[in-house]
Amino acid sequence: MGVRFDQVSKYFGDVAALADFSLDVANGEFMVLLGPSGCGKTTALRILAGLEEATSGDVLIDERVVTDLNARDRDIAMVFQNYALYPHMSVYDNIAFGLRMRQITRREIDRTVHEAAELLGIAELLKRKPGQLSGGQRQRVALGRAIVRRPKAFLMDEPLSNLDAKLRAQTRIELIRLHRRLQTTVLYVTHDQVEAMTMGGRIAVMDRGRLQQVGSPQDVYTRPANRFVAEFIGSPAMSFFQGPLADGPGGTLAVDTAGVRFVLGAERAASARRHALAEITVGVRPEHIELADQFGERATAAAFDAHVDVIEALGNETHATLLVGGRAIITRLPPDAAIRAGETRRFAIAPQHLLLFDPASGGRLE
Amino acid sequence: MSIASAPRPRERRRGRAKVVREAVAASPFVLPSLGLFSLFVFYPLVRSIWLGFHATDPFGRREVWVGIAQYRDVLTSSDFRYSLFVTGQFALYTVIGSTAIGLYLALLVHRRLPGILLFRTVYTSTVASSVAVSSVMWLLLLNPGVGVLNYLIGKGGLPTANWLTDPKWALVAIAMTTVWMNVGLATIVILAGLQNIPEQLYESARVDGARPWDQLLHVTLPALSPTLLFVSVVGVIFAFESFGQIDILTKGGPLNSTTVIVYSIYREAFLHYNVGLASAQAVVLFVIVLLLTGVQFLAAQRWVFYR
Numbered sequence: 155m156g157v158r159f160d161q162v163s164k165y166f167g168d169v170a171a172l173a174d175f176s177l178d179v180a181n182g183e184f185m186v187l188l189g190p191s192g193c194g195k196t197t198a199l200r201i202l203a204g205l206e207e208a209t210s211g212d213v214l215i216d217e218r219v220v221t222d223l224n225a226r227d228r229d230i231a232m233v234f235q236n237y238a239l240y241p242h243m244s245v246y247d248n249i250a251f252g253l254r255m256r257q258i259t260r261r262e263i264d265r266t267v268h269e270a271a272e273l274l275g276i277a278e279l280l281k282r283k284p285g286q287l288s289g290g291q292r293q294r295v296a297l298g299r300a301i302v303r304r305p306k307a308f309l310m311d312e313p314l315s316n317l318d319a320k321l322r323a324q325t326r327i328e329l330i331r332l333h334r335r336l337q338t339t340v341l342y343v344t345h346d347q348v349e350a351m352t353m354g355g356r357i358a359v360m361d362r363g364r365l366q367q368v369g370s371p372q373d374v375y376t377r378p379a380n381r382f383v384a385e386f387i388g389s390p391a392m393s394f395f396q397g398p399l400a401d402g403p404g405g406t407l408a409v410d411t412a413g414v415r416f417v418l419g420a421e422r423a424a425s426a427r428r429h430a431l432a433e434i435t436v437g438v439r440p441e442h443i444e445l446a447d448q449f450g451e452r453a454t455a456a457a458f459d460a461h462v463d464v465i466e467a468l469g470n471e472t473h474a475t476l477l478v479g480g481r482a483i484i485t486r487l488p489p490d491a492a493i494r495a496g497e498t499r500r501f502a503i504a505p506q507h508l509l510l511f512d513p514a515s516g517g518r519l520e
Numbered sequence: 615m616s617i618a619s620a621p622r623p624r625e626r627r628r629g630r631a632k633v634v635r636e637a638v639a640a641s642p643f644v645l646p647s648l649g650l651f652s653l654f655v656f657y658p659l660v661r662s663i664w665l666g667f668h669a670t671d672p673f674g675r676r677e678v679w680v681g682i683a684q685y686r687d688v689l690t691s692s693d694f695r696y697s698l699f700v701t702g703q704f705a706l707y708t709v710i711g712s713t714a715i716g717l718y719l720a721l722l723v724h725r726r727l728p729g730i731l732l733f734r735t736v737y738t739s740t741v742a743s744s745v746a747v748s749s750v751m752w753l754l755l756l757n758p759g760v761g762v763l764n765y766l767i768g769k770g771g772l773p774t775a776n777w778l779t780d781p782k783w784a785l786v787a788i789a790m791t792t793v794w795m796n797v798g799l800a801t802i803v804i805l806a807g808l809q810n811i812p813e814q815l816y817e818s819a820r821v822d823g824a825r826p827w828d829q830l831l832h833v834t835l836p837a838l839s840p841t842l843l844f845v846s847v848v849g850v851i852f853a854f855e856s857f858g859q860i861d862i863l864t865k866g867g868p869l870n871s872t873t874v875i876v877y878s879i880y881r882e883a884f885l886h887y888n889v890g891l892a893s894a895q896a897v898v899l900f901v902i903v904l905l906l907t908g909v910q911f912l913a914a915q916r917w918v919f920y921r
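If you read the protein sequences in the order shown, they are chains L and A. For the first sequence, the working numbering assigns the number 155 to the initial residue and increments by one for each residue that follows. For the second sequence, the working numbering assigns the number 615 to the initial residue and increments by one for each residue that follows.
Treat the hints with care, as some may be off.
[What the hints assert, rightly or not] Pairwise CB distance ranges, derived in the manner of DEER restraints: (1) L:GLY275 - A:THR907: 20 to 30 angstroms; (2) A:VAL760 - L:ASP168: 49 to 59 angstroms; (3) L:ASP168 - A:LEU722: 50 to 60 angstroms; (4) A:GLN915 - L:ARG335: 34 to 44 angstroms; (5) A:GLY771 - L:ASP227: 39 to 49 angstroms; (6) A:GLN809 - L:ARG254: 25 to 35 angstroms; (7) L:LYS320 - A:GLN809: 53 to 63 angstroms; (8) L:ALA391 - A:ARG916: 29 to 39 angstroms.
Hints were generated in silico from the structure; no laboratory data involved. Source: prediction; values computed, not measured. The beta-carbon is built from N, C-alpha and C at its ideal position, and this holds for glycine as well.
Please build the complete structure, drawing on both the sequences and the hints.
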């Protein structure tokens, strides 16, 4: 059941929009395809929809190969980024169109359309034309058009990107509720990591046509497969430090980077040694760079002095841009952190928060 | 009417001053075309209406007031009514012909295929040929003895026709010529309309289960309706103004079967030298075209969709 990509590739000339892409989406799962623009996420969705032909590989819906089927025979519904509502049809006709194309009785269509309109709160808009609707209302009509069909899967291509921030947050929650209610498989394409983290049952992170990692939101955040995932997910972004490895006391390893010296405990050191690397990249999330005077008795993997360049107080937290070793890194501090721009302060990082990457391949070391 | 919304005198004066200022600023932009229109459109129009009330000598001079007599003559003349009937038939043939063929050709060359530019150029090239050249060309094609048309029809085993001398076929032959001449413009305009339809509407329709025919019916034609209205309005106006091809191919004959109103006006004015009566016909033609265009736009409000 569900949806499967089996080694799907798509080439435009010599450029691989999608390279050897394999992904299993369970029946009823909310799967988010996340990545920067040009990463192949929309191409993957369009291939699944039948709007684009794969150069090689197969697409399966419900264990059935649909690679050579027309879009209309795949029993999927799609919500487009700009909604693609038929401008000359009323809201009712827009929602009913897919049903009319499938020889469903008029009475059944009428019942289904009203039911969906009721569910989405657009019952009073059924007679209007799309041109008379707000962005949020159009978005609902596009959703309505998709759900009346009771398809095997919903494909959504950045459906929230044309809404303003407040409406987007609201619609996110409504989409989560809708999915819980309908229990239909969803493939949701976005470049917005907040959408991915909040809505995705699992997230497939993509870059340059390749799948980088599939996992739960927590998984991709705390255990990114590689440097790309680590950097792409999380805001402010993770900071990276690179330097040569040197033996330290008691089986430890030291990483000397510009301005910060990291000490890897025996276990991490052993893992790093196994890979026989001359240099290593250390990644640290901004919330894990803490003020040293708040650190107490806990063990530290690194402690360093930094010039506090810029303070951004967001109310619920404070971001500080630090200058260390000639570069800027960002730390996320509690809202009441006693810190001011222009000071030089000492910061510390706990050992369990270090992520280690192979500088050459970008892969994370366990 | 609320008190607050009524402008105070001073404000009103200021508003008027602004209007005057804007008019002064706009005049250099408007004057050139206003001058040209006055010279070539407004003055002749007024002059025609004026002449319609006067009997004249063959050069349009020595005007003698005759009141509505000439207008009455025009409207009661069976010749004029017949030419009106011919014109209507002609408009029907040419508008339907060039819009339908233009739509078909535009749909054909709208696809993105290698070498499609060549076909686009070929199908739209008639736009660049003059009425005179096209007419002479069709004079040869339609020639009953050596014409290609009869040759092809004969090859197909169908009866050939004396296209331009048989009253049954002459108007059809001229309509064919005119459709050929108009179809280039129709194709260009419809093609432009097609290219304005967002691709996502088709994708959405495909996912919704629409076959190519459904897409044409439910996406393309509604989105194209303003363009088709434009093409047909222009087509009607063209039809009512056609002269060159009739003069070259049939001179209104045989048996007046191709005497459209414009040709009748021409004959009245420049063969019979009856300028006053010709002017009266011209004015009646003007009113008819005006009414027809109005009717088309009214009808369009029912089914044309403007985004």
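Hint-by-hint comparison with the structure:
no.: 1; hint: L:GLY275 - A:THR907: 20 to 30 angstroms; in the structure: 44 angstroms, violated
no.: 2; hint: A:VAL760 - L:ASP168: 49 to 59 angstroms; in the structure: 57 angstroms, holds
no.: 3; hint: L:ASP168 - A:LEU722: 50 to 60 angstroms; in the structure: 32 angstroms, violated
no.: 4; hint: A:GLN915 - L:ARG335: 34 to 44 angstroms; in the structure: 42 angstroms, holds
no.: 5; hint: A:GLY771 - L:ASP227: 39 to 49 angstroms; in the structure: 44 angstroms, holds
no.: 6; hint: A:GLN809 - L:ARG254: 25 to 35 angstroms; in the structure: 27 angstroms, holds
no.: 7; hint: L:LYS320 - A:GLN809: 53 to 63 angstroms; in the structure: 36 angstroms, violated
no.: 8; hint: L:ALA391 - A:ARG916: 29 to 39 angstroms; in the structure: 57 angstroms, violated
Checked against the numbered hints listed earlier, the structure breaks hints 1, 3, 7 and 8; every other hint is satisfied.
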